[in-house]
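Peer 1: Produce the complete structure using the sequences and hints provided.
Read top to bottom, the protein sequences are chains A and B.
If you're matching positions, the first sequence starts at 1 in my numbering and goes up one per residue.
If you're matching positions, the second sequence starts at 1 in my numbering and goes up one per residue.
Treat the hints loosely; a few may be bogus.
To be clear about the criterion: a stretch of chain A counts as covered by chain B if any three or more of its residues have a C-beta under 8 Å from a C-beta of chain B, and this derived list gives those stretches [said to hold, decoys possible]: (1) 230 to 239; (2) 373 to 386; (3) 608 to 622.
Heads up, simulated SDA-like pairs for lysine to any residue below, C-alpha to C-alpha not over 20 Å straight-line [what the hints assert, rightly or not]: (4) A/418 x B/132; (5) A/73 x A/138; (6) A/507 x B/39; (7) A/471 x A/434; (8) A/426 x A/436; (9) A/507 x B/114; (10) A/507 x B/37.
Calculated from the structure, these hints are not laboratory results.
Heads up, the beta-carbon is just placed ideally off N, CA and C, and yes, glycines get one too.
Here is how the chains run, residue by residue.
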Amino acid sequence: MIAELGLAALWLAAALAALQLVTGALAVRQDAGTGEAAIADLTRPATVVQGILAALSFAALLYVFAVTDLSVKLVADNSHSLKPMIFKLSGAWGNHEGSMLLWVTVLAASGALIALVERRLPERTMQAVLASQGFVALGFYAFLLLSSNPFERLPIPVEEGAGLNPLLQDIGLAFHPPTLYLGYVGLSVAFSFAVGALVTRQVTPDFARAMRPWVLGAWVFLTLGITAGSYWAYYELGWGGWWFWDPVENASLMPWLAATALLHSASVLAARDALRAWTIMLGVVAFSMSMLGTFLVRSGILTSVHAFAVDPERGTFILFLLAIYIGGALLLFALRAGAVSEGARFAVASREGALVVNNVLLSAILAVVLLGTLYPLLTEAFDVRVSVGPPYFNPVGAIFALPMVAVMAVGPLLRWRKDGFGRIRKELALLAALLLAVLILVSLLGDVALLPLLGLALAAVLAVGSVMPLKGRNLRRVPIATWGMVLGHLGLAVALFGMASESAFTKERLAALAPGEATTVGPWTVELEQVAPAAGANWTAMEAQLSARQEGGEPVSLNPQHRTFWAPPQQTAESVLETRWNGQLYAVIGNQAGAGADGPARWQVRLWWKPFVTWIWYGGVLIAIGGALALIGHVLHDLRRRFVRRKAAARRREVAA
Amino acid sequence: MRSRLLPIVLALVAAGPLAAQQSLPPAPFANRQLDDAAQEAQAQDLMETLRCLTCQSQSIADSDAPMAGDMRHQVRIRIAAGETPEEIRSWLVERYGDYVSYRPEVGATTWPLFAVPVLILIAALAIFRRRFARQG
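Peer 2: Okay, here's the thing in structure tokens:
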């Protein structure tokens with residue numbers, strides 16, 4: 001019954017998306033101001049109700065997973081009555097249909113949110129925005145209802161479900177996809193704003209100011225989602241890697257790069273009324289990258305840990321949607337871009353000059369990642385299989401990323417409009433000296449490869465450069481949005497430091513230990529005390545008891561497990577992390593490595609000491625906090641301005657009366 | 001009668017583990033580091049750039065798959081025997097094709113991977129020239 005209600009809600013939501021598209025489009029055609037606003041009045045309520053219905057449908061899916069309704073095909077295929085409740089719920093989106101429903105729910109909810117609160121855009125543009133949002137939603141409703149119905153019933157209910165991939169039975173699955181989707185799909189708002197502004201030719205600083213908080217919101221979630229996903233892969237896969245340039249990871253990185261560029265170009269548009277066409281283009285590109293990522297992951301074109309669905313029919317459907325939306329938006333852009341003039345030009349030594357450099361370099365990185373991700377798929381179509389991995393992405397990406405970091409350190413010191421490098425020559429000299437000092441110091445300290453070396457030096461430069469705008473200012477009077485910028489840039493410096501340090505200084509130890517034996521890794525001595533069986537709700541395990549101590553420190557007890565799940569049958573390594581401020585000890589227990597001729601059994605133990613690795617994710621969180629502060633700052637500023645304006649208007653009325 | 005059956009029974013017992021490939025013990029250097037730290041570092045760097053052919057988007061340095069273990073073993077013993085990482089890479093590429101190496105080489109099928117970033121670089125410089133040249 002609940003499943004049928006969910007399906008009905010989904011159909012109704014699709015119908016409302018169609019209504020929203022029609023009324024929005026009609027309202028745009030009948031010029032606003034002719035008084036025929038009746039039909040336009042329908043658009044906002046339709047959008048809001050669509051959001052509510054999609055949310056109801058998603059709630060219905062959560063319910064059937066919570067009670068493990070085994071007459072629903074999706075539950076039978078992906079759940080199991082013995083799973084802990086949290087994994088039953090998160091299992092609702094750990095599969096193709098459920099994750100697409102989550103996708104559409106976020107899309108509908110963001111539409112509802114703009115319909116409810118966004119009042120700054122001209123009403124006609126708003127109608128176009130909501131129509132565009134409805135148009136995008138309609139395609140994905142069709143995809144769900146026609147080829148991926150999550151509520152499909154089985155003719156005969158099964159006795160027990162097939163279970164969920166053990167790698168996904170982790171708290172990471174509870175948070176990673178929803179966060180990532182809020183970011184991914186939240187960018188649909190930027191897309192619809194861009195389309196709406198193109199339709200009505202209203203690309204103004206006010207438009208940029210209206211769009212910016214929405215992009216910031218999506219970007220914060222995207223940042224958190226990527227950070228969490230990276231940490232999840234790091235501890236769950238059991239080999240200490242935190243970024244693999246896996247196509248699925250790239251699929252989340254590409255919208256982030258585009259959204260980051262969009263944020264900065266929107267700032268230029270808001271402050272200087274320049275980069276109009278470029279900002280619109282990035283709005284289209286950012287969500288296009290989200291849809292491309294959805295296509296890559298959902299179509300099964302990549303077979304990787306993340307790709308659950310292998311079904312070409314679905315792939316073709318999403319490809320078709322991609323062609324309509326991206327192709328349509330780009331066509332509209334091509335038709336209208338001429339009418340949207342580029343706006344003011346500017347000097348190299350100015351804030352907007354640095355932002356242009358940042359934008360071009362971010363777009364270049366995006367292009368490199370896109371190329372490296374799609375190229376192997378392209379050649380595979382011609383039966384040539386090539387692999388593009390870290391040895392390609394790291395150096396080629398760095399060609400563009402490292403100069404960008406250098407510009408990032410300097411850019412915020414420059415003023416808008418026109419500035420001279422002469423004015424900030426003291427700061428420039430300090431940063432250059434710091435760069436040289438770190439380069440020399442690190443290369444004297446040890447044998448560090450070129451990229452980590454440059455990474456360490458630029459991280460130091462960026463860290464100092466990012467707090468410099470605060471120098472000489474009364475900290476209590478610095479605007480919240482400026483704090484956001486400072487923290488965001490500082491976060492990137494912290495993350496870059498973590499990445500470079502992990503890559504330069506990691507120590508690895510693989511050992512086959514019998515109980516009682518010890519080994520060393522970096523500053524740690526680790527002893528295997530014993531190996532004992534352990535069991536959970538749906539798994540059994542061999543659990544090692546390790547005792548690790550740093551020289552002169554207290555021993556800490558670590559208990560990594562080698563787990564065997566039976567539904568579905570699979571083995572996973574449950575790593576254990578011992579976190580210090582300056583790094584992490586990463587311990588994994590593997591298989592039994594055979595017994596000595598006379599001694600007890602030996603166990604395979606993998607240990608890593610990763611100096612400052614945690615800074616990667618601290619940096620990610622800091623970047624997200626920076627984004628959130630910028631969002632709060634802009635919204636508060638806007639509210640205050642509107643309050644003042646309303647008060648002034650009220651006073652004028654009073655005076656007139 | 002009994003003595004004639006025995007060799008067959010023995011053969012069957014011996015064939016058992018062979019039939020189940022998975023239960024073979026991993027090759028000795030699959031999970032064992034080389035004693036020479038410099039050699040091990042070389043091997044590690046190489047392993048991180050080789051694809052585990054039976055996994056999904058993982059290098060042989062981060063995979064539990066038996067095949068990845070065998071390949072790690074091969075890499076380590078060859079490094080220990082004095083081969084350079086590049087010799088081992090080309091030996092593996094010859095054996096398994098370009099797919100095994102995460103580091104694309106400039107060639108007939110991969111040149112766009114290198115040409116396009118160069119074009120991007122030129123385009124970026126051109127944009128900067130256009131944007132910044134005409135300033136008043």
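Peer 1: State for each hint whether it applies.
Peer 2: We went through each hint and held it up to the structure:
| no. | hint | in the structure |
| --- | --- | --- |
| 1 | 230 to 239 | holds (count 3) |
| 2 | 373 to 386 | holds (count 5) |
| 3 | 608 to 622 | violated (count 0) |
| 4 | A/418 x B/132 | holds (12 Å) |
| 5 | A/73 x A/138 | violated (24 Å) |
| 6 | A/507 x B/39 | holds (14 Å) |
| 7 | A/471 x A/434 | holds (17 Å) |
| 8 | A/426 x A/436 | holds (16 Å) |
| 9 | A/507 x B/114 | violated (33 Å) |
| 10 | A/507 x B/37 | holds (11 Å) |
Checked against the numbered hints above, the structure breaks hints 3, 5, 9 and satisfies the rest.
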